[in-house]
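> In this text, residue positions in the sequence shown follow the numbering used here: the first is 13, and each later residue adds one.
Careful, some of the hints might be misleading.
Said to hold, decoys possible - Subject to a maximum C-alpha distance of 27 Å in a straight line, what follows is the list of computed DSS-like cross-link-like pairs (lysine-lysine):
{"hint": "1", "residue 1": "K124", "residue 2": "K58"}
{"hint": "2", "residue 1": "K260", "residue 2": "K88"}
{"hint": "3", "residue 1": "K80", "residue 2": "K261"}
{"hint": "4", "residue 1": "K124", "residue 2": "K20"}
{"hint": "5", "residue 1": "K80", "residue 2": "K165"}
{"hint": "6", "residue 1": "K253", "residue 2": "K265"}
{"hint": "7", "residue 1": "K253", "residue 2": "K80"}
Calculated from the structure, these hints are not laboratory results. These numbers were taken from a predicted model, which means no experiment stands behind them.
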Amino acid sequence: MDLIEIFKAFILGIIEGITEWLPISSTGHMLLVDEFMTLHLSQDFKNMFFVVVQLGAILAVVVLFFHKLNPFSPQKTRLQRLDTIELWIKVAIACIPTVVVGLPFNDLLEEKFSTVPIIAAMLIIYGILFIVIENWNQHRSPTVTELSTLSYKTAFCIGLFQVLSIIPGTSRSGATIIGAILLGTSRYVAAEFTFFLGIPTMFGASFLKIIKFGFHFSGLEVAVLLTGMITAFIVSVIVIKFLMNYIKKHDFKIFGWYRIVLGIIVLGYFFLLKKS
Numbered sequence: 013m014d015l016i017e018i019f020k021a022f023i024l025g026i027i028e029g030i031t032e033w034l035p036i037s038s039t040g041h042m043l044l045v046d047e048f049m050t051l052h053l054s055q056d057f058k059n060m061f062f063v064v065v066q067l068g069a070i071l072a073v074v075v076l077f078f079h080k081l082n083p084f085s086p087q088k089t090r091l092q093r094l095d096t097i098e099l100w101i102k103v104a105i106a107c108i109p110t111v112v113v114g115l116p117f118n119d120l121l122e123e124k125f126s127t128v129p130i131i132a133a134m135l136i137i138y139g140i141l142f143i144v145i146e147n148w149n150q151h152r153s154p155t156v157t158e159l160s161t162l163s164y165k166t167a168f169c170i171g172l173f174q175v176l177s178i179i180p181g182t183s184r185s186g187a188t189i190i191g192a193i194l195l196g197t198s199r200y201v202a203a204e205f206t207f208f209l210g211i212p213t214m215f216g217a218s219f220l221k222i223i224k225f226g227f228h229f230s231g232l233e234v235a236v237l238l239t240g241m242i243t244a245f246i247v248s249v250i251v252i253k254f255l256m257n258y259i260k261k262h263d264f265k266i267f268g269w270y271r272i273v274l275g276i277i278v279l280g281y282f283f284l285l286k287k288s
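Kindly generate the complete structure, drawing on both the sequences and the hints.
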């Protein structure tokens, strides 16, 4: 039984590593998979696992972009160090809406909206938004093509879009990427800033979940959590590299279509299951 639960954590880690960075909703996918491949552990542990497993994915960003994110790198000039510090200030500003609005209502919204119909609806709605916004975006040129030219105001507004991702099925990366593109950034800048914004957001969310759960883990719970995190880290490294290369030549519409198709399948399955 223990090995089966660890294997499930391995599968969930793969799903997390793929879906955390592609704008298709990692939490939504994890909750949907749990409907078919349930972890036989306490509900409190599962609620914590679905958030903390994202630390593995976030650590992939830290490793891949360590030089860019490190303001103390001896390889950087004084100006480059100042630019890096400024980047972190922008990330901090973008986190303000989540701290002020997201954290106080996070548990309530999770309780009320973590249902299959709502997840499916969010998949479809944001899938449509991606297609509509990308079609609109074809006829305009981005005004922000480098992170260094991203204003503090734009960073804050991107943070407002991140708050929308509290509802499962929305996708944190999806909401922030849509917001960033609407605000005039290039796809590359939108994706990159989304990655960096995830570092304090997910570390903070994971810390709060662990505090709420407590530090009394069983041996199996530790093994499940570490398996999920390590797997998510390895898969995330591959997926991030793929996505950053992909968006140099392609838009996000394929992810919009994927969301719509998946949402329809999930809704169809849910309502058929209810009737049977």
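> Now tell me if each hint is right for this structure.
A quick look at each hint next to the structure:
Restraint check for K124 and K58: the C-alpha separation of about 17 Å stays at or below 27 Å, so the hint holds. Of the supplied pair hints, the one linking K260 and K88 holds, its CA atoms being roughly 26 Å apart against a limit of 27 Å. Annotation: proposed proximity of K80 to K261 holds, straight-line Cα distance about 23 Å (limit 27 Å). At most 27 Å may separate the alpha-carbon atoms for a hinted pair to count; K124 and K20 meet this at roughly 26 Å.
Simply put, K80 and K165 have alpha-carbon atoms about 22 Å apart, close enough for the 27 Å limit, and the pair holds. In summary, the hint linking K253 to K265 is supported, as the alpha carbons are separated by about 19 Å, within the 27 Å threshold. Between K253 and K80 the CA atoms are separated by roughly 15 Å; this keeps the pair inside 27 Å, and the hint holds.
In this structure, every one of the numbered hints holds.
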